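Fit the two chains together into the complex; they arrive one by one in their own frames, and the hints show the way.
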Amino acid sequence: MSILLDRTNRVLVQGVTGQMGTFFVEDARKYGTAVVAGVSPGRDGTMVGDVPVFGSVRAAREATGADTAIVFVPPAAVLGGALEAIEAGCRLVVVTADELPVLDAIELKAAARANGTAWVGPNSPGIISPGKAKLGFMPSFCYLEGSVGVISRSGSLSYECCKRLTLAGMGQSTVIGIGGDAVKGTTAAEALELFHNDPETAAVLYLGEIGGTEELFVAEYAARPDAKPVAALIVGETAPSGKKMGHAAALIDSKADGHEAKVALLREAGVHVASGLSAVVNAMQEALSRRARAAHGAAAY
Amino acid sequence: MMMLEYEGKRLLGSVGVPVPDGVVIERAPQSLQDARARISSYPAAVKVQVRSGGRGKQGGVRQVKSAEDLSATVKRLFDTEFSAEKPDALLVEPWLAIERETYLAVAVDGRADGYIVMYSPRGGVDIEEGAPPVRYPVGAPWNFRVHGFRQVLESVEQDYQWREKVVALAQRLVRAAAMHDCTTIEINPLARLADGALIAADAKVVRDEWAHFRNHEIRARREAEKQRADEFLRACLEMQHMYVRLDGNIGLISGGAGMTMAAMDMIAEYGGRPACFLDCSPGPTSTRGYRPAFAMLDADPQVKVILVSIFGGGTQMQRVANSMKEVMAERKNEKPVVFRLDGTNVDQVPGIFAQFGAHNHARLEDAVAEAVRLAGARA
Chain A
7 MSILLDRTNR VLVQGVTGQM GTFFVEDARK YGTAVVAGVS PGRDGTMVGD
57 VPVFGSVRAA REATGADTAI VFVPPAAVLG GALEAIEAGC RLVVVTADEL
107 PVLDAIELKA AARANGTAWV GPNSPGIISP GKAKLGFMPS FCYLEGSVGV
157 ISRSGSLSYE CCKRLTLAGM GQSTVIGIGG DAVKGTTAAE ALELFHNDPE
207 TAAVLYLGEI GGTEELFVAE YAARPDAKPV AALIVGETAP SGKKMGHAAA
257 LIDSKADGHE AKVALLREAG VHVASGLSAV VNAMQEALSR RARAAHGAAA
307 Y
Chain B
5 MMMLEYEGKR LLGSVGVPVP DGVVIERAPQ SLQDARARIS SYPAAVKVQV
55 RSGGRGKQGG VRQVKSAEDL SATVKRLFDT EFSAEKPDAL LVEPWLAIER
105 ETYLAVAVDG RADGYIVMYS PRGGVDIEEG APPVRYPVGA PWNFRVHGFR
155 QVLESVEQDY QWREKVVALA QRLVRAAAMH DCTTIEINPL ARLADGALIA
205 ADAKVVRDEW AHFRNHEIRA RREAEKQRAD EFLRACLEMQ HMYVRLDGNI
255 GLISGGAGMT MAAMDMIAEY GGRPACFLDC SPGPTSTRGY RPAFAMLDAD
305 PQVKVILVSI FGGGTQMQRV ANSMKEVMAE RKNEKPVVFR LDGTNVDQVP
355 GIFAQFGAHN HARLEDAVAE AVRLAGARA
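Protein sequence lines, in the order shown, are assigned to chains A and B. Numbered according to my numbering, the first sequence terminates at residue 307, and the numbering increases by one at each position without gaps. Numbered according to my numbering, the second sequence terminates at residue 383, and the numbering increases by one at each position without gaps.
A hint or two may mislead.
What the hints assert, rightly or not - Example chain B residues on the side facing chain A (calculated, C-beta under 7 Å, incomplete):
id	residue
1	A215
2	L241
3	E273
To be verified - Restricting the straight-line Cα-Cα distance to at most 27 Å, the calculated cross-link-like pairs of lysine-lysine (DSS-like) are:
id	chain 1	residue 1	chain 2	residue 2
4	B	K90	A	K250
5	B	K208	B	K79
6	B	K208	A	K250
7	B	K230	A	K249
8	A	K261	B	K208
To be verified - Selected chain B positions facing chain A (in silico; Cβ < 10 Å):
id	residue
9	S56
10	I131
11	E132
12	N219
13	E221
14	M246
15	I314
It should be emphasised that the hints constitute simulated quantities derived from the structure, not laboratory data. Source: prediction; values computed, not measured. From the three backbone atoms N, C-alpha and C, an ideal C-beta is built for every residue, glycine too.
Isolated chain B, as found in the complex (with noise of 0.2 Å):
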């Protein structure tokens, strides 16, 4: 999950890394009026706190040279939206008088088998414009050299002083990436003052969703986020439903995240569009589960049509099918709904859906070609 700058840099901060000094104001007025009380010099930046990229570029960053300056951009910022996402908070810093932008990352690769460390002597808002950063390949946190690292450094980075202190910094990056659980964190622009001085500009630090049970931040960012959440997503959410809105009308419900695309693919084919990626595995696949995914969906009006595709192999079928009847039972929405089961005891399927007169369709390719079909009808 992706941090906000500012809570990205309170992280970086308890670490060791020089970050400015920053006052974060949120929507209610006394925040704001808090903020000018405490903020003493000017210029200032004002940062509007969203999680997509390329915030510079859209305006989304803003010097202001007075007390004055600040309450009539805040206002105007949080009225803003930044890839159709407003901010609900401002992050207000020093301006920096910046000599040098260079980029240092920590983030989880595959091919390491762990983490790796990526460096660019020119950082900034264009970074993926440039030659791409050099590379050092870590694996296990513990396995980090500074050695290692500075030797890769020698050939785009010939400042030693700066690279010593790039070094350093990456060594404790790692160590607080595998203390905190995070999968990255990049620092870009890492700058370098007129003084010589590193500070971390800008921080994107994206945590591990799954080591909430060991992290109290990451849990309570959890919650916040099903809060944050409208009630029937909020349903499926404590269900732990992996939900993705799409912009089309076929309401697929699904198992497995590699089903789920193949069946949303499949619908693109046959000349459909899925409405949402809504993978229903990892919750209870019971009533108890598939009763929120049918009401989010049956309350979506861009929904014409329900699709379910669920290949099972722990998950058995004839539950998901009694799990069916008892959802169909109690539903009162008139969208048609659409049967692919297939897996661990498909057999009992028919008998199960016989008596709420529905049918199972044996091919995903049926199933979808008839979806498709009703969504065409309805729209």
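For reference, chain A alone in the conformation it holds in the complex (with noise of 0.2 Å):
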């Protein structure tokens, strides 16, 4: 298994005829993803590749049935289309946008748990289930399928860990990007939560920064008696506070939101924490090996 996102999803892309909308057709259908609807207003009746053009994503999901929206428009757009595939009904929905105000993110993240739809993003990487399916640009030839949950506030830094991964030989069930603003779809608390509850997930990986509140969240999921294990890494280390570094979350605002209080939490909290990128890997293992100590002792009873 995996969360959110396998083989049965059936992909409609949002602002299909642009760049990114087409060189995305090509490279996920590459990987398996099922794409089979493209939606652009004022262009139905046309074709991207062999991909199906309509004028909304209710017509899309009437014609294909697809269920599944990934969004490829404007900031300033975003907020129309995101809503329009959330009220059409989509069971997952992607922003990878970055650059959208925190407003218009509040009004998402309404709409999408009024409507019982799970939202990734915005600015974010995506979301891939390795050897199933992806829904972003990551680098394919990053991932490999296997036990391991990823859940990260950054785009390059989830490819980069993944690859590390990869060739470490530990596969990924599923390798979500929550995104780095402050108002978020699928938060990590969220995303924990989904792996918690799929059976092929061993243990997790979180990647996070300084700023924000998204670690108070993996902490107390660590600390439950049946958490799965989890490693972490937290970028920042030499973040100067009261500076946004890039995303709109990543800010020191107090000595809570930096990076020597998260790691403390985290590691008092029973995660596996990297002291930095080159320990990935073995933080990782440390937290696979403890799942394999805990299942030999369950044995044992």
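As structure tokens, then:
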């Protein structure tokens, strides 16, 4: 299994006729993703490759049975596009765009909750379930099917870390980019809950950074007696306070937001925190071996 | 983006929040003359307009008792730095007879999936040392409920008349935050005057820069910030690059916020010091995008070595490699450049790099070690 995305998702692409949409169709299909429809208002009846284009999400859903949307439209159009996908009944909506006003994210979050939609993003590389499907631009060669669930606030950092896991033979069940903004679709807490209930996921790697409050929930999860083992890397040890480091939420506002406090909190909760990028594979191995010991212990009863 | 106090108060005034009747003085001498003509009553408060906090503790708020006193104080404050920031404007307001100081703020909080309202019955400069403010999670702005916030306040605010004023004000602030794309509106102190009236004695308003497409003031402010930057940084900001200057000597050109911080941390781990956070991924990942990044770091005497670290998904590495070839061909500077590109189509990079004699490190560790070694040799 995996979370949110597997071979059964039928994908429609909003903004399919743009440069990103067209590139995505080719790249995602090569990976095995079932891209069945495009949406581009005013362009219905045309084709992108062999993908039919529709004027609305509803029309695309009715004609193709698409149930999952990925949105490639400019930031000012994301709210409208993603709301359309949510209210048309898509079960998963992925928004990769950055520079989305936070008020629009707040509105989307409320709509996703009201409609029972899983929303991933914004400012996210998307989501991939290796060997099954991908919704985003992540470089496919970095991934391997396996049992590590990965949650990341940053796109490129997740590529780098997954490549390291893959080279070390540790495959991934699903890699979800939750994004770098303060208000987001799927939060770290929600992704952890999904991984917790996924029998194929044996352990979780959390890739976080300074600023924001996601790490509080990672620690809260890891401290649960029934938690799956968690490894983590928190970047931004050398970031100054009071400056926004690219991501809207990557800003040290108080001591609790800083690197030292987050690492201490996670370690106290039993998370295997890597001292840096080079130590991610080791931290993951430690987490997985703890699980093996736990399983062994359980078997002895 | 953080508004100056007078900009924030103007916004608050426009949505019906009581604010002092202020006069702004800018650096031009005529500005002081005009202000003197408009200010009729003393004592008055002169407040430096800077974005950094702790202004009051650094002597940035002065009482003046006469027009002569005002002129002298204005000259002195314009020459003083507050947390390394020299004010471009001063705000002069009537000296308030404050009877009580409280704290009220509306802010975006991920835990609430939207806005929260915070209140403390004791505001003022020492707010961070007292008990933390009570929190009322709102979420989407339309979920604010007067009775919900009132209930939260009942435990900390015994003066029911004041409480009702605060509740009504909070409702207005949440609505204003949404309407004007504010991520924070903090009123500290929210003051009670001798006659019982409520007034926003100070205001910190932060607006969401990504709402620039629907908000003229935010767009104008972004433009003004670009104009304030030097020519090199301005060219980078035009390309949407995100830049934070640091105190080291390894100029880092990177992509993605998390990966940029990971590379900064690794530089430190290897005994070096990064000169900047420079994330080039939001802009065009082409020669047009990378050229100003190199120009800025080449012009910066603090930078001894440039490290290019990019791990791209949608950013295809053969395109980045070709851009690097073009940038390096036209570049005049002798500072060494260390490369580590990885990601989509990275297999095409060595062939392109061979055309201009560059080496692409397979591992970030090797590239960082090389950059730290070169920076040490040139220090």
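For each hint, the structure was consulted:
About 4 Å separates the beta-carbon of B:A215 from the nearest beta-carbon of chain A, less than 7 Å, and the hint is met. A cut of 7 Å between beta carbons decides the hint on B:L241: the least distance to chain A is about 13 Å, and the hint is violated. Taken as an interface hint, B:E273 checks out: its beta carbon lies about 5 Å from the nearest beta carbon of chain A, inside 7 Å. Our distance criterion of 27 Å between C-alpha atoms is met by B:K90 and A:K250, whose separation comes to about 21 Å.
For the proposed pair B:K208 and B:K79, the alpha carbon gap of about 25 Å is at most 27 Å, so the pair holds. Restraint check for B:K208 and A:K250: the C-alpha separation of about 17 Å stays at or below 27 Å, so the hint holds. Pair hint B:K230 plus A:K249 holds up; C-alpha atoms about 17 Å apart against a cutoff of 27 Å. Taking the CA atoms of A:K261 and B:K208, the gap is near 20 Å; set against the 27 Å cutoff, the hint holds.
Residue-level restraint check for B:S56 holds (minimum Cβ-Cβ distance to chain A is 8 Å; threshold 10 Å). Residue-level restraint check for B:I131 is violated (minimum Cβ-Cβ distance to chain A is 12 Å; threshold 10 Å). Restraint check, B:E132 versus chain A: the minimum CB separation of about 8 Å is within 10 Å; hint holds. For B:N219, the interface hint holds, since its Cβ comes within 10 Å of a Cβ in chain A; the closest pair sits about 9 Å apart.
Of the supplied interface hints, the one on B:E221 is violated, with its beta-carbon coming no nearer than about 14 Å to a beta-carbon of chain A, more than 10 Å. Interface restraint check for B:M246: the shortest CB-CB distance to chain A comes to about 5 Å, inside 10 Å, so the restraint holds. With a cut of 10 Å, the hint placing B:I314 at the interface with chain A holds, because the nearest CB-to-CB distance is about 8 Å.
Checked against the numbered hints above, the structure breaks hints 2, 10 and 13 and satisfies the rest.
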